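Put together the whole structure using the sequences plus the hints.
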Amino acid sequence: AQSVTQLDSQVPVFEEAPVELRCNYSSSVSVYLFWYVQYPNQGLQLLLKYLSGSTLVKGINGFEAEFNKSQTSFHLRKPSVHISDTAEYFCAVSANTGGFKTIFGAGTRLFVKA
Amino acid sequence: EAQVTQNPRYLITVTGKKLTVTCSQNMNHEYMSWYRQDPGLGLRQIYYSMNVEVTDKGDVPEGYKVSRKEKRNFPLILESPSPNQTSLYFCASSPYRGRTGELFFGEGSRLTVL
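Those protein sequence lines, which keep their order, are chains A and B.
Each position in the first sequence, counted from 1, maps to that position plus 1 in this note's numbering.
Each position in the second sequence, counted from 1, maps to that position plus 33 in this note's numbering.
Don't read these hints as lab results, they were simulated from the structure.
A hint or two may mislead.
What the hints assert, rightly or not - With a straight-line Cα cutoff of 16 angstroms, these simulated EDC-like cross-link-like pairs (lysine to aspartate or glutamate) come out: (1) K59/A <-> E63/B; (2) K102/A <-> D89/B; (3) K102/A <-> E63/B; (4) K102/B <-> D89/B; (5) K102/A <-> E135/B; (6) K102/A <-> E103/B; (7) K102/B <-> E86/B.
Said to hold, decoys possible - According to the in silico footprint, chain B covers these stretches of chain A (three or more CB under 8 angstroms from chain B): (8) 45 to 55; (9) 106 to 112.
On a predicted model such as this, the values are computed, not experimentally measured, just so you know.
No residue lacks a Cβ here, since even glycine has one placed at the ideal position from N, Cα and C.
Right, here's the structure in full:
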């Protein structure tokens with residue numbers, strides 16, 4: 002079975018500052034990893050995904066994430082945030098084996114202050 | 034425009050009154066799924082469907098039913114809603130059988146059961 006832990010429930014940060022949202026996962030098999038963003042009153046949309054290959058993945062809106070297999074982490078980063086980045090961010094894992102389930106973390110609320 | 038459409042977006046009902054939340058996608062995706070989102074718990078899968086007439090339970094199926102008679106539609110049925118089913122519900126679809134690919138989400142249906 003897989004599980005996902007997002008280590009921070011809320012992250013306040015000032016505009017133009019860098020941010021890191023932390024995600025750790027556990028799995029006995031190889032996995033695919035995702036970050037989704039949810040803006041207020043909207044559904045989730047994909048920010049980026051890691052399937053294989055380069056461990057540094059770039060996504061939309063200037064976000065990137067690094068897959069670290071030894072630490073079972075997939076932290077999301079942005080070098081300079083904007084007010085419009087205020088949203089909830091979800092880390093998700095999908096096992097590369099039988100079964101068709103994506104497991105989501107509890108979410109991290111990013112609050113960008115002026 | 035490619036999208037997943039859910040209805041209703043908001044619903045207040047009373048205990049025991051049967052209701053259906055509809056979900057329709059226009060992307061010809063094989064895989065569809067229902068999630069509920071609760072504070073601090075992230076998204077939890079209720080049911081999913083690999084294709085027409087193929088459905089299976091997710092992590093929290095109790096109190097819910099689904100059907101997949103057509104590829105584009107995947108309604109969620111609450112036969113006898115209870116207050117613990119008050120939640121935000123999301124329908125999602127994927128062209129990759131949900132295992133490796135991106136999930137496309139609807140905008141959500143907020144259900145309150147009194």
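Taking the hints in turn, this is what the structure says about them:
1. K59/A <-> E63/B: Given pair K59/A, E63/B is violated - Cα atoms ~27 angstroms apart, limit 16 angstroms.
2. K102/A <-> D89/B: holds (11 angstroms)
3. K102/A <-> E63/B: Holds - the C-alpha atoms of E63/B and K102/A are around 14 angstroms apart, at most 16 angstroms.
4. K102/B <-> D89/B: holds (14 angstroms)
5. K102/A <-> E135/B: holds (12 angstroms)
6. K102/A <-> E103/B: Violated, at roughly 21 angstroms.
7. K102/B <-> E86/B: holds (6 angstroms)
8. 45 to 55: With 5 residues in contact (Cβ-Cβ under 8 angstroms with chain B), the coverage given for the region 45 to 55 of chain A holds.
9. 106 to 112: holds (count 3)
Hint compliance for this structure: hints 1 and 6 are broken, all remaining hints hold.
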